[in-house]
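In order, the protein sequences belong to chains A and B. Per this note's numbering, the very first residue in the first sequence carries number 4; after that it's consecutive. Per this note's numbering, the very first residue in the second sequence carries number 20; after that it's consecutive.
Simulated from the structure, these hints should not be mistaken for lab results. Think of the CB as a built atom: it goes at the ideal place given N, C-alpha and C, for glycine as much as any other residue. Take these hints with a grain of salt, some might be off.
A few chain A residues that don't get close to chain B, going by computed Cβ distances all over 10 Å [unchecked claim]:
#: 1; residue: 259
#: 2; residue: 362
#: 3; residue: 507
Chain A regions said to be covered by chain B (calculated; three or more residues, Cβ under 8 Å) [stated by the list, open to error]:
#: 4; segment: 112 to 120
#: 5; segment: 432 to 438
DEER-style ranges, computed between Cβ atoms [as the list claims (entries may be wrong)]:
#: 6; chain 1: B; residue 1: 52; chain 2: A; residue 2: 535; range: 44 to 50 Å
#: 7; chain 1: A; residue 1: 477; chain 2: B; residue 2: 25; range: 43 to 49 Å
#: 8; chain 1: B; residue 1: 57; chain 2: A; residue 2: 362; range: 21 to 27 Å
#: 9; chain 1: A; residue 1: 571; chain 2: B; residue 2: 25; range: 40 to 46 Å
#: 10; chain 1: B; residue 1: 25; chain 2: A; residue 2: 206; range: 28 to 34 Å
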Amino acid sequence: MVGGAALFYRLARRSESDFFLAGRRLPWWLPAASVFSTHTATDTPMWVTGTVYAHGLRGLWYTFFAGWTSVAAFVSARIYRRSVAFTQAEWQVVRFHGFGAELLRGWMAGWQVFMNMFILGWVGIAMGKVGNLAFGWPVWVGLVIPSVITALYTLAAGYWGVVMGDFLQGIVAIFAILLVSIVGIMAAGGPSGVVDGVTAMGETWRLDSMAFTGWLTGAFPAAWWLTMLVIAIVGGFGMGTSIDWYVEAQRIQSAKTVRDASYGIWWGGAITLLRNGIWAASILAFFVMAPGITNGAEAELGWFRLGFELLPAGLVGVFFAAILAIHLSTISSHLNLGALYFTRDLYQRYVRPDASERTLVWVGRLTTAVLLVGSFFYGLMMQEITQWLIFALWLMMAGIWLPNILQVVWWRFNAWGYLASWIANLGIAWLVVWVLPEFGVIPVLPDYLQFWSLMALGVVVFLPTTLLTEPEPMDHLVHFYLQTRPLGWWGPVREEAVRRGLLVDEKRTATSAPRPLIRRTWTPEEADGWSREDWIAIVLSPVIMGLGMVGAANLFLGRASGAWQLVLGTVLGLVMFWVIDPKLRAVSVDYEAQQAKYLERLEKRMRWQGDDGTRVASTVAAPEET
Amino acid sequence: MERGFVTLIGMSIAYLASFIGLGLAWYGWNRRHRDDEEVGS
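Produce the complete structure using the sequences and hints provided.
Encoded structure:
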């Protein structure tokens, strides 16, 4: 990888766009591989092992939050790609306007710089633990040395190095996951041995992915499952979870077209969920061979133990190389991403708007190095952090879950409402999660009730804030609407665009000719709108991903249900792509023709300039396109 | 320490970083406006 970095060094140093987005030229399979590889970290098998060991196959639904990509691929990814914003922080000044938008940009950039360092530290310490388990190394060795190697190619080749490395590392990771899982299952007596073993223990519920403990009670109530589905699927209409979306945002913008962005995110999420299903089957095999582990931290190492204890000596080396690959891909992504937020959204925007491309690339490199060193200190401080805590953090950000969606789908939502939801979430989370239960005012809430409580209390803050403050200026909203064509409640903005002659009124131009049930021929103008074909993809996509995840687990357990679930998922997948692909192609053709103009405007804004090059603090340019 | 409490502490540290980012944005905005006013006058 380090040698390969030299190949991409020249590409990465050309511009900020090359260093952080690979020049926006990637075909869909590279961002897809990068999404999968980045979300396959050293601690990921620990977390999936922990949940499946404790909950059986139903524990897979804890991991289904990656299913947000199923809807986002066809909704928010398309909208975000058209915004051309480098980052979600920059998206704030495309979607919102003025002082509030700038505050949001700074807020989100600060959050992301820290979060990337945090993730680097926690993933690094997981590698330290694996090195300790496998070879008895001190924890700091696994934390520091692989990350330094990663930094070498990330510093040199930027995002080009990240994404090319992710592709190669993803292949190695898939090979290792399949190898270790199959070896583990065979060691437990093969698929039938695992099923028989679990049955003999009287715990057949572990083989059922829908084994609920009641509607509202027990360790896995149906209410929690439904909550997870809502979080993931409805969340896909929006833009931004507290942790995940930021990585995907970079991959969306690095894709060469809107279509490539959509497919990149879809396949990245789908392969991630298939992976979880395969893991789950092998973890049940581990459960059969080592039942009754009550220490969660010990159980979490189950999948690694399958590899290190069951593989022959030669293959253990291959397995460790795969773990390194898994680790390197995550580290490289977060190093580059953290540097992107600092360089573009903090340094360039607020410190040196006139910095040259060369300076920005070097600031990016310096930030990468600083993030790396910071992550070492942070990793050593949080040796007991597991991904369960990350999951808890993800839940505690429930107060911004709905605003993340509203910023995409509701024209009236404004910067002040969004900022209020972020700030209020901290106080509300402290109250609901710790202060009130600690003083006996309310009981400790189960996860699903905690989510809904935080979300509802957030509404009480951000909705009045939004409605009591001014909407974003109509000029800005019309501009945003024409560029991104968002889904949802945008009626007043659309009407204004039609009134100004910037959009054609579809009602007036509609022909009396009957519309085919599934339309497969589109003009670019027609494809810009949202139609039945989009909704078919939106409905089918999460079903396909759910079938893939559960089907993979069942298939590896030798059950017939796995085969038909995967066949059904494949058929539905083919139908979905048959329906949506012509439309995505038409959207892409039209949009790419205009992208250069949007990028030019973005760079002028970045330097606090108006469209005519004059210097203004905040630009509202009257849209001119038709 | 229990899971919720530890997570809240971690989240609060992340919020601190956000407030720093917000402060920088505030500074950048004000500086830009001040410069623009000086250019205008």
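Consistency of the hints with the structure:
| no. | hint | verdict |
| --- | --- | --- |
| 1 | 259 | 31 Å, holds |
| 2 | 362 | 17 Å, holds |
| 3 | 507 | 38 Å, holds |
| 4 | 112 to 120 | holds (count 6) |
| 5 | 432 to 438 | holds (count 4) |
| 6 | B/52 to A/535: 44 to 50 Å | 48 Å, holds |
| 7 | A/477 to B/25: 43 to 49 Å | 46 Å, holds |
| 8 | B/57 to A/362: 21 to 27 Å | 25 Å, holds |
| 9 | A/571 to B/25: 40 to 46 Å | 42 Å, holds |
| 10 | B/25 to A/206: 28 to 34 Å | 31 Å, holds |
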